[in-house]
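Protein chains: 2
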Amino acid sequence: MSRGRDSLDGSVPLAARARAVQPFHVMRLLARAHELEAAGRSIIHLEVGEPDFATPEPILAAGQRALAAGLTHYTPAAGLAELRRAIAGHYGRRYGVDLGPEHILVAPGASGALQLVFSALLEPGDRVMIGDPSYPCYRQVLRLLGAEPLSVPVGADSDFQLTAERAERAWSPGVRALVVASPANPTGSVLDARALADLHALCRERGAALIVDEIYQGLVYRVPDVTALALGLDDLYVINSFSKYFGMTGWRLGWVAGSVESIQVMDRLSQNLFIAANTPAQHAALAAFEPETLAILESRRLAFETRRDFLLPALRELGFRIPNRPDGAFYLYAGLPERVREDSMAFVTRLLEEVGVAVTPGHDFGDHAAGRHLRFAYTRDLDPLAEAVERIASFMERL
Amino acid sequence: MSRGRDSLDGSVPLAARARAVQPFHVMRLLARAHELEAAGRSIIHLEVGEPDFATPEPILAAGQRALAAGLTHYTPAAGLAELRRAIAGHYGRRYGVDLGPEHILVAPGASGALQLVFSALLEPGDRVMIGDPSYPCYRQVLRLLGAEPLSVPVGADSDFQLTAERAERAWSPGVRALVVASPANPTGSVLDARALADLHALCRERGAALIVDEIYQGLVYRVPDVTALALGLDDLYVINSFSKYFGMTGWRLGWVAGSVESIQVMDRLSQNLFIAANTPAQHAALAAFEPETLAILESRRLAFETRRDFLLPALRELGFRIPNRPDGAFYLYAGLPERVREDSMAFVTRLLEEVGVAVTPGHDFGDHAAGRHLRFAYTRDLDPLAEAVERIASFMERL
Ligand SMILES: Cc1ncc(COP(=O)(O)O)c(C=O)c1O
Ligand SMILES: Cc1ncc(COP(=O)(O)O)c(C=O)c1O
Numbered sequence: 001m002s003r004g005r006d007s008l009d010g011s012v013p014l015a016a017r018a019r020a021v022q023p024f025h026v027m028r029l030l031a032r033a034h035e036l037e038a039a040g041r042s043i044i045h046l047e048v049g050e051p052d053f054a055t056p057e058p059i060l061a062a063g064q065r066a067l068a069a070g071l072t073h074y075t076p077a078a079g080l081a082e083l084r085r086a087i088a089g090h091y092g093r094r095y096g097v098d099l100g101p102e103h104i105l106v107a108p109g110a111s112g113a114l115q116l117v118f119s120a121l122l123e124p125g126d127r128v129m130i131g132d133p134s135y136p137c138y139r140q141v142l143r144l145l146g147a148e149p150l151s152v153p154v155g156a157d158s159d160f161q162l163t164a165e166r167a168e169r170a171w172s173p174g175v176r177a178l179v180v181a182s183p184a185n186p187t188g189s190v191l192d193a194r195a196l197a198d199l200h201a202l203c204r205e206r207g208a209a210l211i212v213d214e215i216y217q218g219l220v221y222r223v224p225d226v227t228a229l230a231l232g233l234d235d236l237y238v239i240n241s242f243s244k245y246f247g248m249t250g251w252r253l254g255w256v257a258g259s260v261e262s263i264q265v266m267d268r269l270s271q272n273l274f275i276a277a278n279t280p281a282q283h284a285a286l287a288a289f290e291p292e293t294l295a296i297l298e299s300r301r302l303a304f305e306t307r308r309d310f311l312l313p314a315l316r317e318l319g320f321r322i323p324n325r326p327d328g329a330f331y332l333y334a335g336l337p338e339r340v341r342e343d344s345m346a347f348v349t350r351l352l353e354e355v356g357v358a359v360t361p362g363h364d365f366g367d368h369a370a371g372r373h374l375r376f377a378y379t380r381d382l383d384p385l386a387e388a389v390e391r392i393a394s395f396m397e398r399l
Numbered sequence: 001m002s003r004g005r006d007s008l009d010g011s012v013p014l015a016a017r018a019r020a021v022q023p024f025h026v027m028r029l030l031a032r033a034h035e036l037e038a039a040g041r042s043i044i045h046l047e048v049g050e051p052d053f054a055t056p057e058p059i060l061a062a063g064q065r066a067l068a069a070g071l072t073h074y075t076p077a078a079g080l081a082e083l084r085r086a087i088a089g090h091y092g093r094r095y096g097v098d099l100g101p102e103h104i105l106v107a108p109g110a111s112g113a114l115q116l117v118f119s120a121l122l123e124p125g126d127r128v129m130i131g132d133p134s135y136p137c138y139r140q141v142l143r144l145l146g147a148e149p150l151s152v153p154v155g156a157d158s159d160f161q162l163t164a165e166r167a168e169r170a171w172s173p174g175v176r177a178l179v180v181a182s183p184a185n186p187t188g189s190v191l192d193a194r195a196l197a198d199l200h201a202l203c204r205e206r207g208a209a210l211i212v213d214e215i216y217q218g219l220v221y222r223v224p225d226v227t228a229l230a231l232g233l234d235d236l237y238v239i240n241s242f243s244k245y246f247g248m249t250g251w252r253l254g255w256v257a258g259s260v261e262s263i264q265v266m267d268r269l270s271q272n273l274f275i276a277a278n279t280p281a282q283h284a285a286l287a288a289f290e291p292e293t294l295a296i297l298e299s300r301r302l303a304f305e306t307r308r309d310f311l312l313p314a315l316r317e318l319g320f321r322i323p324n325r326p327d328g329a330f331y332l333y334a335g336l337p338e339r340v341r342e343d344s345m346a347f348v349t350r351l352l353e354e355v356g357v358a359v360t361p362g363h364d365f366g367d368h369a370a371g372r373h374l375r376f377a378y379t380r381d382l383d384p385l386a387e388a389v390e391r392i393a394s395f396m397e398r399l
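Line by line, the protein sequences are chains A and B. For the first sequence, my numbering begins at 1 and goes up steadily by one. For the second sequence, my numbering begins at 1 and goes up steadily by one.
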């Protein structure tokens, strides 16, 4: 390919909806962080949205066994029957929810699961209510599918979550679904059973579906670990994944729970969009629910809790505003101290350049007060966290 | 979940475009085949669209090493830099095409790659020309994205391929892209360098993009192994995958080659739709281009060639119409013998029930003469193939 060819000799422009997908700011920061590291600088990464832990040993071992056995062909689009049963069984054992495997469809990550639910539910032009801030892919994928995200600003007063009351006020014609995450990214906030029930009741009353993203399920600290599935499956879709609690981000394995009819439709969508999820990953994930694995996961959960209990007061001490204690995931969504006048984007850039701490600006998660917020991910151990706090402190002193 | 809940208590209907995605007929056949097998019947599976071979040993070993090393975190959305380099290098070594890694984006299968290319290129309402018959997911995924497949009947006279001449005749306003596969599913037919160049010239003249699905690349028998990338990358997208030639179907790993600008846009789409492809699979695939692996793949290619050379004359002998020798993939697309009056759907159902041979009816690949065609996949070894031919012969005698 000659150099000239790389650029725009082509006559077919790319689609506007594709070009409208903006890069995440954190990607530019990450690239810069890697440059600084290559130049010998020490960088502490608090921008990373995945556990620092590798996948637990029993899952790795099961994956290796699957490979040794040559289990490398396509699986059914809805996933291995044993895995669907294992996931359904997990809801029974851990959450007391009685659910058959026909309600579970295995997907390539919660990412794939979200795409399936959105595709199954939405016609072009349908509106979907989401909180602002929230996980950025919701609105991007919705737009790619021709649906319209209806972003509703949510603040510390509602723990950065859509409440039934707030959703009701913001309701508008054409809203066909509402998406919440619990625990949430970027805020770590958790919806309790009551808040979920109220949202579900509102949705049912308005003829909309409730989509609950439970990808951080299990990563909760001193609050009840709940699932929206306790509410049944009428107009309710639950998204989940082996990525976070189970430490399997790179394996690309998640699932969706829904009514049998919706699972059948999503099965056919999946045949066309994905064929199926990764086969060795599915065999490996069978080991995710073994007692030995669950013990490892529990100790990791406690490690995250300890980190949160260290980082939260330390950041507050430095003037960051985190009014309510975030009870889940591995994120703290912090308001910039009053006296900081610059935008969060400028702030995180300087923080990285000057003291080598990488965090994510609020802009990646929406527009509402995004310039005043940062996301800290405690996906690093206590020592680097302590070092990060010292570096941030020295940076703040110089402001 | 109580039984009543499983059905349609919910008030939110699924989207029409999702419900319009029809199940593949082969899925019903497969389910029936499994039932028969469970009841003790012997079934020969010639409906399976993936190699019977497991993934080659060196790739399995590399995957196991990746797991042992805990390489289980997310990769960049465009794929591991080493893998992008290895794929680009493969084009240089094998096809004499000089291509940088910035032209390659790793995706979750050719499936993921197709979705990215379609999403990057198409606005709602755009038309995309495809041959009928062709791989069914093209038209389903296009419709999900709001684009309009323009199916052009192609027959044995053009080797079941869109030619420039035929495409020109069928051209209509709003055609923004044209999709061909070479070698093709379901026909095994191969486009030579000249045919590709003519299609590309036509597309460029008309301001459309050419999308070439090369997923069966390498699986060609006594004809040149070519790539459309020899034509450059102006308005050209090449889809490929580790699934077929490399024997990695269940790993869900493919790629797309395109202009740098398009790769950058698809990178951002991928961040949102997929996050990335499976990590252990990407590390494993680095071993796909090693001499040891390539030697295994070459011996498998020869095995497929031997099977084709057995099955093609045997089916012709039985009266199936396969005018031109299919030169690639592992499929024979056969016209029913004149004297068979029933539809291919009825024929394959009886073939399965009466003599335990499973093949795919033409209906899964389009509408054009679908009732008169079957797809035989030679993804079984010579012994079962010979047994299948005997069973089909005895079935035909009784017709
Ligand atoms: C809230 C939320 N949902 C979904 C995802 C997608 O994760 P995956 O596709 O790895 O399951 C993420 C990943 O960060 C997330 O934070
Ligand atoms: C022509 C063609 N393209 C694309 C695919 C998708 O394959 P994968 O997603 O496994 O790479 C297939 C699978 O059968 C195919 O036959």
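Check each hint, because a few of them may be wrong.
Claimed, not checked - What the simulated footprint calls covered on chain B by chain A, stretch by stretch (three residues with Cβ under 8 Å from a Cβ of chain A suffice, anywhere in the stretch; the number is not a length):
{"hint": "1", "stretch": "20-33"}
{"hint": "2", "stretch": "71-80"}
Unchecked claim - Partial list, computed: chain A residues near chain B (C-beta under 8 Å):
{"hint": "3", "residue": "Ala54"}
{"hint": "4", "residue": "Leu60"}
{"hint": "5", "residue": "Gln64"}
{"hint": "6", "residue": "Tyr74"}
{"hint": "7", "residue": "Glu123"}
{"hint": "8", "residue": "Arg127"}
{"hint": "9", "residue": "Ala201"}
{"hint": "10", "residue": "Leu231"}
{"hint": "11", "residue": "Asp235"}
{"hint": "12", "residue": "Ser262"}
{"hint": "13", "residue": "Val265"}
{"hint": "14", "residue": "Leu269"}
{"hint": "15", "residue": "Asn272"}
{"hint": "16", "residue": "Thr306"}
If you're looking for bench data, these hints aren't it; they were derived computationally from the structure. Backbone N, C-alpha and C fix where the C-beta goes; we use that ideal spot for every residue, glycine too.
If you check each hint against the structure, which ones fail? 8, 9, 10, 16
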